[in-house]
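These protein sequence lines are chains P and V, in that order.
Using the working numbering, the first residue of the first sequence is number 1, and each one after it goes up by one.
Using the working numbering, the first residue of the second sequence is number 1, and each one after it goes up by one.
Check each hint, because a few of them may be wrong.
What the hints assert, rightly or not - Straight-line Cα separation of at most 25 Å, DMTMM-like style, residue types lysine to aspartate or glutamate; simulated pairs: (1) Lys-131(V) x Asp-147(P); (2) Lys-64(P) x Asp-147(P); (3) Lys-101(V) x Asp-148(P); (4) Lys-131(V) x Asp-45(P); (5) Lys-131(V) x Asp-106(P); (6) Lys-64(P) x Glu-182(P).
Stated by the list, open to error - Which bits of chain V does chain P cover? Going by a derived footprint, with three or more residues having C-beta under 8 Å, they are: (7) 155-168; (8) 193-207.
Simulated from the structure, these hints should not be mistaken for laboratory data.
A virtual CB, placed ideally from N, CA and C, is assigned to each residue, including glycine.
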Amino acid sequence: MKTCLASLLALGLVMVLRAEPLKTTAVTHLPPCCRAALTTNAPTDRSLYLLDSTWTSDVGRKVKLGVLRGRPQVLAMVFTRCESACPIIVDDLQRIQRTLAPELRDRVDFVLVSFDTERDTPEALRAYRQQMHLGTDHWTLLTGRPDDVRELAVLLGVNYQRDARGQFAHSNVITVLNAEGEIIHRQVGLNQEPAETVAALAAMSQAKTGR
Amino acid sequence: MSLIGERLGPTCRPPILSMGPAVHRRIAEDGRVMASSSSKPRLGRPMTAFLSVVCLVVFGSPLASGSPDGTHPPAGMVTVPAGVYQPPFRSEADAKEVPVKAFALDRLPITNEDFLGFVRADPRWRRSQVKRLFADANYLADWTGDLHPGVSAPMASPVTQVSWFAAKAYASWKGKRLPTTAEWELAAAASPTRPDGENDVEFQREIAAWHSAPSPGRLPAVGGGRANIFGVQDLHGLVWEWVSDFNTAMVTGDARGDAGLERRLFCGSGSQAAKNPSDYAAFLRFGLRSSLQAPYAVHDLGFRCAQDLPEFPVRLSPAP
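This is chain V alone, in the form it adopts within the complex (with noise of 0.2 Å):
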C-alpha cells in the first residue's frame, strides 16, 4: 500500500500479476537461453536463472525473444533482413518509408496439425469453446470436430478460418507473435532471386496468376511455393495471412479523421495514390485487411508467425 502512497486507500485492489503458461514458458526458455549462451559463467547457472526470473517478475521483460546469440533464427524460422517498407497508400503525414528492423519470421504458414497442437493445449481456443468475442461462427468450421481437422482440412495445409485473436493467441503460445504488416510486406516482396521482388517480371507475374486463379477447395500442403531470397516460402500463392496491425489502413493522415475513410484511396484516383499502380497484389493485401474485422474466420485466411531478433548480442562473460 505504501508503494504508491496515500492516495492509494486500503479499498484497492493487490496489484494482478499475470503469470499465464505463456509467461512460465518464457521464463523457462530464458532460463536455459541465457545459462547456454554464456561459455564462462559468473554467476552459478541456478542463480542466473533465479535471477532471470526474478527481472521478469519484477520487470515483466521479454528477455526470451529471439535466438540467443542474434545471428542464427529459432528452428523453423528465418532471419528477414532489416529494410524499408513503402506502404502502397499513405496520407501526407504518413511516412513515406517504414524502416523495418531485422526479424525472424517463419518460413512456411501453420498448419492444421500446427494448429491442433494448439487446441489441444489450450482449450479456450476449441471450435466448440471459443468465445464469440474473439471468433465468429466460421472459426475453424472446416474442421470436422473440436481436435479432428478432418478431410477438408489436411493436417499439412495451412490452418484458415481462424479469427485474428486466435493467431495471436497461437503466437504467443509459441513465444512469437504476429508479423507487422510492414515486415510481411518486406518479406513478401522478396523474389526467389532478389529482395525487391517488384522489379522481377517473372516474379510478378507468378503473384497475378495466383491471384487470377480460383481458390481450391482443399488447400494444398505448405512448402509447395518456391522459397524466396531470404527463405520464406508460401508468402504468395497459398493464402492470405494475418498480420498484427490490420487495422491500420484507411484512417486519415490527422487525428481529426472520424472512423474514417481516406476519400482519396477510392474509385479512379485509388491508382494515382498508389505507389506502384503495377503492383496490384500488395493493392489487393491492403483491400483484403482494411475489410477485415479481427473476429473474421476467413476462407483462404490463414497466418505464420514473427519474432525479433535482440538489438544487441545477450553476452554474460566478458569477451575474451
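Just chain P, same shape as in the assembly (with noise of 0.2 Å):
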C-alpha cells in the first residue's frame, strides 16, 4: 500500500513537473481571454479590470476581465437570439478589424459580452462564434451572472432591458478599451462607419509606442 501510495505522489510530481516548461510555449488557437495574462500589476483607478466578476468563455473557462489587460479591447454587448441589431454590432466590429492597419489589426482584441444570461451558455455562445466566423486568434465570447453583466453594462454606458418575448432591447454601444482596460472610446449606434473609432485605436497605439 505504501508503494502503492508513493508511487502515485511520484507520478503526480512528475505530471505537474512535466506540466510547468509547457505553460510558456505559445497558444494560438485560445481566444485571447484564455491566455497568460500580460500584466499583474493593480489596475488603474478608471479601468474596468477593477471588476472583481467572474465570467464564463465560451470555450468554458471561467476567467476575470483582468485577463484582457495587455491589449487594447473592442467591446460590444450583444445576445445570439437577437435578429435585428446584434449580427450589424458583430459587423460593425468586423468592419472595425478589417479597417485596421495590418500592425494594428495584430494587436486589437474583441470581446462580446451576453445580455442573455439564461439562454446564452458556453455552448451557445460556442455556436455563435462558428455561425459569425469570429476566429479564436482575436475574439472573445463571455457569459457572465445577470448582477455582473448589469454591472459591466451601466459601465459601458449600456441600458438594457428584457421584454415579453425574452428579446432584449438595448443600447447599441461599442466600446473601446485601452490596454489599462480604460474606455477611450464609444461608436454609439449601428453601421456607423468605423473611422473614428479606428482612429482612436491607432491614436492610442501612437501614444503607447511614443511615435
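Build the complex: two chains, separate frames, hints provided.
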C-alpha cells in the first residue's frame, strides 16, 4: 500500500513538473481571454478590470475581465438570439477589425458579452462564434451572472431590458478599452463608419509606442 | 486540463474561483440555516455543513438567500407579497404588466451608521480609497472623514451620496441585493391601508406634498414615515433610492434602438404614454432613474436592500 501511494505521489510530481515548462509555449488557437495574463500589477482607478466578477468564455473557462489586460479591446454587448441589431453590431466590429492597419490588427482584440444570461450558455456562444466566423485569435465571447452583466452594462453606458418575448431591448454601443482597461472611445449606433473608432485605436497605439 | 478537452492548451490560466468574504459569510450562514432548519437531520451537522460548502464551491449556488422557512423575512426586513408592476411607460414590445415574486425588503433605508459599519469592514469603499470608476467625487461628500459621518450626516439618517456600485457592494456584504425597479415600485405603490395606493387619495396627496417641499438641509432620521400595509417605511418622503436595474429606462422597444431615446416618452405626448398620468411621483422617479449613471453620488439618493425568498421551503427531513 505504501509503495502504491509513493508511486502515485511520484507520478503526480512528474505530471506537475512536466506540465510546468509547457506553460510557456505559445498557443494561438485559444481566445484572448484564456491566455496567460500580460500584466499583473494593480489596475488603474478607471480601469474596467477593477471589476471582480467572474465570466465564462465560450470555451468553458472561467475568467475575470482582467485577463484581457495588456492589449486594446473593442467590446460590445449582444445576445445570440438577437435577430436585428446584434448581427449588425458584430458586423460593425468586424468592419473595424478589417479597417485597422495590419500591424494594429494583430494587436487589437474584440469582446462580445451576452445580455442573455439564461440562454447564452458557453455552448450557445460557441455556436455563435462559428456562425459569425469569429476567429479565436482575436475574439473573446463571454457570458456571466445577471448582476455582473448589469454592472458591466452600467459601466459601458449600455441600457437594456428584457421584454415580454424574451428579447432584449438594448443600447447599441461599441466601447474601445485601452490596454489598461480604461474606456477611451465609444461608438454609438448601428452601421457607423469605423473611421473614428479606428483613429482612436491608432492614436492610442501611437501614444503608447511614442511614435 | 482534461476537463474541457483538447482545445484548451497548457497556457490556459487555471480557473479563477472567486471566494471573497461575502461568499465565505454566505457559506457560514448557510451552514447554520441548513443545520437549524432541520429538526431531525439525517446527516450529522458537520456533514451537512460540509456538504453545503461543497455544493457552494462546486455550483456557486447562493442557497443562503432568503429565510429558512420562507415565511419569516430576515431581521429588519418585511415580506412584500407577490404582485404585478405596471411600468409607467412602455414600448409596444414591453410587457404591460411585470409579475413580481414575493420578496423581502428592508423596512428602512440604510443609515449613515449602517454604512459606517460597511466602510469599517471594507476599506475599499472609504471615501479616500474608492476608485473613481465606482463613485464620483461627491461620494460621501457630506461626511467629515473616512470613518466619521459628522454633523451633516447624523448616524440615524439615511446615507446618501453613495453610488450604485457602493450600494450594490453594501447589499452584497449583507448577503442581500438591491431591489429591482419592479420590486421597489410594487412596494412603494402600497399605502398604509391598501396595496394599491394609487387609489388612496390621501396617500397620493402626502407623496405630492413631499415632492413639492424643498429638501431639508439635514435629513431626518429613518423610521419617521408611516409604515405601508406591508410594514415598509420611508419609501416616500425621505430620500430617493437606488434600484438594481436603474438603467433599463429609455431604451426603444426592439433591439434596433441606438443609445436610444424613446421619443414618445418625451415632451407633450409624455403624459399620454403614461399608464396613470395622475401618478406624478412615479413619473418623477422614472425620470430620475433614467438620468442617473452608476458612479453618481447624489444628494438625497440613498438605498435599501432586498432579498429573495425561497420558492420552496428548505426541508432536510421528511415531513412527519
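Do the hints match the structure? See the list:
1. Of the supplied pair hints, the one linking Lys-131(V) and Asp-147(P) holds, its CA atoms being roughly 20 Å apart against a limit of 25 Å.
2. Taking the CA atoms of Lys-64(P) and Asp-147(P), the gap is about 15 Å. The hint holds against a cut of 25 Å.
3. For a cut-off of 25 Å, the pair hint linking Lys-101(V) to Asp-148(P) stands: about 21 Å separates their Cα positions.
4. For a cut-off of 25 Å, the pair hint linking Lys-131(V) to Asp-45(P) stands: about 5 Å separates their Cα positions.
5. Between the alpha carbons of Lys-131(V) and Asp-106(P) the distance comes to roughly 32 Å, so the proposed pair goes past 25 Å and is violated.
6. A distance of roughly 15 Å separates the Cα atoms of Lys-64(P) and Glu-182(P); the hinted pair therefore holds under the 25 Å criterion.
7. Residues of the region 155-168 of chain V lying with their CB closer than 8 Å to a CB of chain P number 3, which satisfies the three-residue condition for coverage.
8. With 0 residues having a Cβ less than 8 Å from any Cβ of chain P, the region 193-207 of chain V misses the three-residue criterion, and the hint is violated.
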